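Q: One letter stands for each residue in the lines below.
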Amino acid sequence: MSSQTLTELLWVEKYRPRTLPEIVNQEDVIKRLQQFIKEKNIPHLLFAGPPGTGKTTAAHALAHDLYGSDYRMYMLELNASDERGIDVIRGKVKEFSRSRLPVNIPFKIILLDESDNMTADAQQALRRLMEMYVDVTRFILIANYPSKIIEPIQSRCAVFRFIPLRKDDVIRRLRWICMNEGIRCDEEALELIYEISEGDMRKSINVLQASASLGDVNVSNVFKVVGLAHPKEVREMIRLALEGKFMEARDRLRELMITYGLSGTDIIKQVHKEIFGTELTIPEPLRVEIADYLGEIQFRLVEGADEEIQLSALISKLALLGRAAKTVKTTK
Amino acid sequence: MRKLPWIIKYRPKKLDDVVNQEKAKEKLTKWVELWLKGIPEEKAVLLYGPPGCGKTSLTEALANEYRLEFIEMNASDYRRKVDLDRIVRTAALQRSFTGKVKLILLDEVDGISGTADIGALEAILDIINVAKNPIVMTANDPWDPKLRPLRDVVVMVEFRRLTKTDVRKVLNRICGDEKLVCEEDAVDLIAERCEGDLRSAINDLEAVSEGYGKVTLELVKNMLRQRDRDYPPFDVVRKIFISKYAWQAKQAVQQTDLTPDELIQWINENLPRQISDPEDLWRAYDYLSKADLYMGRIVKTGNWDLLPYAIELMSAGVSLSVINDVKGKYRWVKYNFPQKVLIAAKTKESRQLRDSLAEVLAKHLNISKAVSKSDVIPFIKVIFDSNPEIAAKLALGLNISESMVRYLSPQNSSKIIELVNKFKVEAGKKAERLKREKISERKLGVKSRSGTLDNYFTGNP
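Chains as they are written, first to last, in numbering that gives the first Met the number 0: chain Y, 0 to 331; chain E, 0 to 460.
Just so you know, the hints here were simulated from the structure itself, not pulled from any lab data.
Bear in mind the structure is a predicted one, so any value in this text is a computation, not a measurement.
A portion of the hints provided could be inaccurate.
Unchecked claim - Subject to a maximum C-alpha distance of 30 Å in a straight line, what follows is the list of computed DSSO-like cross-link-like pairs (lysine-lysine):
(1) Lys362/E to Lys13/Y
(2) Lys91/Y to Lys362/E
(3) Lys166/Y to Lys368/E
(4) Lys238/E to Lys362/E
(5) Lys147/Y to Lys223/Y
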């Protein structure tokens, strides 16, 4: 490993492509974006696709290729999941979009990441700004679920769909990083990382770096990382609930939310994985029934006010189903 | 003549006016008579019993009857040690010029709080110790653990909860004195609903007669509906759980100061303590979850018209969900303060650290704080827990603080911080060496002779 250097970055940052040609997959998207560079003009853009497929990276690379390495001077970045209210749109975004243009560039860029988390009000306000200041400002919107972006905004944007990364692409990238870092890696381990991360490049690289910190990147280290990174409290919570120990299960829930800082949706997703996983032995019909209620609770989580109450309802359902089945056993 | 509130106007002047506390009366008069002869061993009494049963009234009547000077300190006064010292101590130590005994009343001592009235109990104990005047204290709950030292040095006098008949007797007497038209059913209802609290019964009677000049059943019913007392959260939660009918549960909600979102936390905390049948519990939680859904919609849309539905689901919905184990709702269980609030306060620091760490990472990686927390921090934790050297390099590269290092890996933090400092020194030396090399290169470039001097001054090996 690079023991001669005294500082280190996260590899996701260290090995992030800085320019469009460096992005190895999403060929269609990249080809079209490079056309914009040639014309030195872009329309409003909407990048849509699953997490870790290169949307934000592509947006930054695009700006870099347009303006050079000081591109951040001409770009306002906002993450809508951190700043999603109408105030931000009316304040920061409006301020930046109507500010005077530096002489040497044709337009500024406003990058709105995770824009599907913007409230409906904020989106309406945004729509007006997109029209009013189009001569000096272009917007790049990034979203996992483009359907959550209101129709009028979608119709003002050129939509680019980012496809899930192919297994070969991810593995090739991981191997390339290993080579640069001078670490040994098993082919099997890299495949496992891809499986675990479900095509999410960011997650893959994070798993890779954490595994490397344990020594070589081999299957056993990858498993170790995944085990350490995902709190076992989720499985524990499900097991206790199914055994009818509501109060104890609720303690675990509180630990997950407060100590680990997981959001309600994170927990639901992990419960979902566990329910269909192999560690918990659950009667087959029960898995489906639980999944049904999981979906309901995930919906209520988004609409509701208090995540703990919603997840407590889930635990009580598990306790009820667990008693009905009476055959739940756990293998670990 | 200025109009006095009835609870003052009809306050007992003589011991005989106090209803149905014969035992307490007897004990107290004996004790006061001892004081008239000298200073008895037991210098203080603690009167205890439910609110409105005559503790304060009896004390006042006692002072009246024996012509004692009466000094009162109430729960509404400040009771810090300095206040007690100033007022009570002087009263306790000095007799008036005429040698008259002073009766000192410390009302509602169970209301002395541990934090706001620091030292108050110790001060009271001190005062009792040196007192030359009789001291009467009252409390609703004398078994509060913080009152234990007090219990050891006082005479305990119990007051009974007044019966419906006792209350009715007093109300009828007032009706007569005021020459009021009082329907018997109406007085009955007031007497029943006051739960032995004579003070509140008299207030109710006065409120009705003041508004309408007469006391009828209809008017009393109307008023009682509007003017229900506020109950503490525990009682409200209990009332909700034991409701048989939807209206009872809804009424219980109206008897609290809690906001709907506080109330739903109280219910959420204590629901699983009260209800144990899994089916009942799930039914109740499903309603609570729907109530929360409406709360969320209210917040998001600002549409407060939805509030009644949220309230009905969290109260009636919850209590009527109990079908399998109906007895279970009446079981006495200890309730808890909502833990969510307490835990959140306790873990505030680490959550703040996590937040600022997430912010640092978000800037480096162009992601949101939420994604930093769910997809990045867990893996960094793995690195910090398993490889201090890489951890230290990352800490330097990402420029994260020592407290963040401690958050990421409590067990490795000191080792990592040590390495960070070591690397910093090395990096500093390296930078210095580079600089010096550059300087000497430049100097060599202009072929100055000072190259040798340079080495001489710095002592560079």
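Q: Next step is simple, just say for each hint if it's right about the structure.
A: Evaluated hints:
The straight-line distance between the Cα atoms of Lys362/E and Lys13/Y is roughly 14 Å, inside the 30 Å bound, and the hint therefore holds. A hinted pair counts as satisfied when its Cα atoms are at most 30 Å apart, and Lys91/Y with Lys362/E qualifies at roughly 17 Å. Proximity of Lys166/Y to Lys368/E is assessed by CA-CA distance (about 28 Å); at most 30 Å being required, the pair is judged to hold. The straight-line distance between the Cα atoms of Lys238/E and Lys362/E is roughly 51 Å, outside the 30 Å bound, and the hint therefore fails.
Taking the CA atoms of Lys147/Y and Lys223/Y, the gap is near 37 Å; set against the 30 Å cutoff, the hint is violated.
Hints 4 and 5 from the earlier list are contradicted by this structure; the remaining hints agree with it.
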